[in-house]
Amino acid sequence: MEIVKQDYSKFERQLKIFFEEKYQDFSLKFPERAVAFQQFITEGFPTRQLESWRNTDLAHILNDNYHIVAPNDRNLLSTAAFHCNVQGINVHEISITNGFSNQKLIKLDNDVIYGSLQEAILQYPDLVSKHFGKYNKHLDGFSSLNDTFWLDGAFVYVPDNISLDLPLQILNAYNWDEQLFLSVRNLIVLGKNSKMTLLHCDDSLNHHRALSNSVSEIYMDEYSEMDYYKLQNINNKTAIVNRIIFYQEQASRLNANQVSLNGGLLRNDIHVKLDGKMSDADVSGAYLMDKNQMIDNHVHVHHAVSDCTSNQEFRGVLDDYAATVFNGYILVDKDAQKTAAQQSCRHILVSDKAKIETQPFLEIYADDVKCSHGASVGQLDNEALFYMRSRGIDEQNARTLLTYAFVSVVLDKIKIKPLRERYADMIKQRLSGNLGICGQCVLDCSIKEKMEQLDGLKLF
Amino acid sequence: MNNIILSIKDLHIKIGDREILKGINLEVKAGETHAIMGPNGTGKSTLAAVIAGREGYNVTQGQVLYKGENLLEMSPERRSREGVFLGFQYPVEIPGVSITDFLKTAINEHRKYHGLEPISAKDFLALMNEKKKLVEMTSNLANRSVNEGFSGGEKKRNEIFQMAMLEPALAILDETDSGLDIDALRIVANGVNKLRTKENAIVVITHYQRLLDYIVPDVVHVMYDGNIVMTGNKSLAMNLEKHGYAWVKEQLDIS
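Going line by line, the protein sequences match chains A and B.
Using my numbering, the letters of the first sequence correspond one by one to residues 166 to 625.
Using my numbering, the letters of the second sequence correspond one by one to residues 20 to 274.
Errors might be hidden in some of the hints.
[To be verified] Which bits of chain A does chain B cover? Going by a derived footprint, with three or more residues having C-beta under 8 Å, they are:
1) 539–552
2) 564–578
[Said to hold, decoys possible] Computed beta-carbon distance windows for the label pairs:
3) B:T157 x A:S516: 40 to 46 Å
4) A:D577 x B:Q270: 56 to 62 Å
5) B:R229 x A:S597: 28 to 34 Å
6) A:K442 x B:N162: 37 to 43 Å
7) B:R130 x A:K442: 54 to 60 Å
8) A:D590 x B:E155: 33 to 39 Å
9) B:N162 x A:N240: 49 to 55 Å
10) A:K520 x B:T157: 41 to 47 Å
[What the hints assert, rightly or not] Reference listing, derived: stretches of chain B covered by chain A, where coverage requires no fewer than 3 residues with Cβ under 8 Å from a Cβ of chain A:
11) 169–175
12) 200–211
Bear in mind the hints are in silico, worked out from the structure with no lab data behind them.
None of the values given here were measured: they were computed from a predicted structure.
The C-beta atom is built at its ideal place from N, Cα and C for all residues, glycine as well.
Using the sequences provided together with the hints, build the complete structure.
Written out as C-alpha cells, the structure reads:
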C-alpha cells in the first residue's frame with residue numbers, strides 16, 4: 166500500500182536543517198541521538214494512515230515554524246520559575262520552564278532525590294542508567310524525536326521503604342515569546358514498598374503556540390504505591406504530545422488521574438504495564454473541551470502476568486466544535502490468568518457540532534479472565550434538568566451542576582482533599598466559562614503565585 | 020379574592036393529538052388542603068405536571084392563574100421561586116449532586132429572585148437541621164447524592180424535606196403516598212401536616228383514601244376521563260374507598 170504523506174514538510178524540513186547544524190551539541194554525550202533522528206527521518210511525523218492517529222490531524226500544528234529548544238538555550242530560555250500553591254497543600258516542587266528544570270538536585274535526609282534529570286545523570290549515573298529508557302515504548306515518530314531532542318526534565322527517586330512525606334509537584338510551564346518546540350523527559354523511580362503522591366501540571370503562561378513532546382517513565386518496584394495526578398490547562402494554540410509509561414512490579418498499586426481543562430491539541434498516551442503479580446492500576450480522567458479544542462487519549466493497559474487488576478474510567482464533556490478521541494486498550498498476555506480488567510468511557514455532547522470517536526480494544530490471549538468495556542455518548546438527563554428547575558434552579562445553572570456531577574465521579578479518585586476541592590473549583594469555573602487561560606496564570610484564582618529568578622544552571 | 024392561590028378555568032391539554040384534560044375547573048384558597056382522587060390515566064399527574072411547567076403539554080384552551088398571575092407563561096424555575104412546588108411521583112436520581120448542594124443552590128436562587136443575599140453556611144445548616152426533623156431524616160442522607168440509591172420511602176421523604184426547605188405557597192403532591200409502608204406514610208403525612216399554614220395551600224393527588232386519614236383534606240375532587248366530575252368533603256373519599264371507582268362511573272351514567 167502506498168502511504169500518502171500529509172504535508173508536514175515545513176517543520177520536518179526545519180528539524181532536519183536544525184539537527185545537522187546542532188548535531189555536535191546534541192550527540193556529544195549521547196551518540197544514540199543520531200540513531201534516533203535517523204529513525205525519525207525514516208518514519209516522519211505520524212499521519213492519519215497510522216491507526217493510532219486516524220482521527221487526529223496534525224497538519225495545522227506541523228505546518229509551522231518553531232524555536233527548537235537546544236542545549237545552549239538553557240540560559241536564553243531562563244525565565245522566572247513558576248510556582249503554584251494549592252492552599253492547604255505543601256509540596257516538594259520541581260519547576261520546569263521551557264523544558265529546563267529550575268532546580269538542580271535535592272537530596273532529602275531519607276535519601277529521596279528529586280530535581281533536574283540532567284543533573285541526576287551527572288551525579289547518579291548508575292541509578293539513572295539502570296532505569297532510563299528501559300520502560301519507554303517506541304510508538305511513532307514523536308518517540309524518536311523525544312529520544313533525539315530531550316534535554317532535561319524531572320528526576321525523582323524514592324528509596325525502598327520510604328513514604329514521601331509531602332506530595333511532589335512537577336510544574337511543566339511554557340513561557341516564551343516565540344513558538345517553542347520542547348522535548349521533556351521525566352524519570353520517576355519508586356523503590357520497594359515505597360509510597361508517593363505526584364502532582365504533574367502542564368501550564369502555558371502566555372498565548373503563544375508551543376509544541377511539547379514529552380516522555381515520562383515511571384518505575385514502580387514491588388509493593389510500591391503511587392497516586393499520580395495530572396492537570397492539563399494550556400492555551401488553545403498549544404499542542405501537547407504526552408507519553409507516560411508506568412511499569413509496575415509485584416503488588417504495586419497505581420492510582421493515576423488526569424484532568425484536562427484547556428488545550429489546543431492534547432494527545433495523551435498513557436501506558437501501564439502490569440509485570441508483577443497482584444499489581445493494580447486504576448487510570449481515570451476527566452476532560453472538558455470547547456471551541457476548537459481537541460483531546461486524544463490513548464490508554465493502554467498491558468496485563469503481562471497473572472492475578473492483576475486494572476480499571477480505566479474516563480468522562481468527557483464536549484461543547485462547540487470540540488473533538489475527542491478515546492482509545493482504551495486492554496492487552497492480556499497468554500499467561501496473565503485471573504486478570505480482572507475493566508474500562509469505561511462516558512461522554513456528554515453539549516453541542517451538536519462536537520465530535521467524539523471512541524474505540525475499545527480488547528486483546529485477550531488468556532482464557533481465565535474477567536474483562537469488560539463500556540462507552541457511551543449522550544446528553545444531559547432532561548428529567549434531572551426539569552427536576553432541578555422545578556426547585557427554582559436556573560436552567561443554565563442546572564446544566565452546570567449536572568455536568569459537574571457527571572465528571573465529579575472521576576474527581577473522587579483524588580485522595581488529597583484540598584486538591585480535590587481545588588480541582589472541583591476549577592472545573593466549576595471552567596463550566597461557567599470563567600476559567601480560561603489568562604495572560605499571567607492559568608490557575609487564576611485565590612492562589613498567590615511566586616515568581617523567582619533562576620540561578621543559571623549549566624549542564625552542557 | 021385575595022386569598023385565592025390557584026385558579027384553573029376550563030383547562031384543556033393535549034399531548035400530541037390526544038386530549039388529556041378536557042376542561043378542568045379548580046379553585047384553591049390559602050389555608051386549604053385539596054385532594055384529587057381518581058383511577059389511573061384520568062389526567063391527575065398531567066394536571067400536576069402542567070402546573071409545575073413540564074414541557075410537552077399543549078394548552079389548547081383555558082387558563083391557570085397563580086395568585087392572579089398567568090402561571091403558564093412562567094418558566095418552571097420562576098414558578099418555583101414564586102412559590103409553586105411539585106412533589107414528584109417519581110423523584111429523579113441525580114448522581115454526583117449532593118442534597119446539600121442541590122438545596123443550597125435552589126434556596127439561593129429563590130433568595131436572589133426576591134432580592135435577598137445568599138444564605139450563610141451557618142444559617143443554611145441550621146435550616147437543614149430544623150427541617151430534617153420534620154421528616155425524621157437521618158443526617159447522613161443530606162450528604163448523599165439527590166435520591167441516588169434511595170428507597171421509595173426515602174425518596175418521598177426527601178420530597179417533603181425539600182418542600183419544607185422551600186416553603187412554597189402552593190404544593191402539589193403527586194402520589195406522595197405511593198410506594199410507602201405504613202410507618203413511612205405516617206412520617207410523610209405528619210411532615211406535610213406540620214407544613215400546613217393559613218397562608219399556604221396543598222393539593223394532594225392520590226388513589227387511596229388511606230393517605231387522607233392522615234392528611235385530612237378540606238375539599239375532595241374526583242377526576243375521571245380528563246375532568247373533575249365530583250367535588251365534596253372528606254366523606255366523598257370514604258364513599259370512594261367503600262364503593263370503588265366503578266361507583267363514580269355509575270353516578271356519572273345516572274346523571
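Q. Can you name, in rising order, the numbers of the hints this structure does not satisfy?
A. 5, 11, 12
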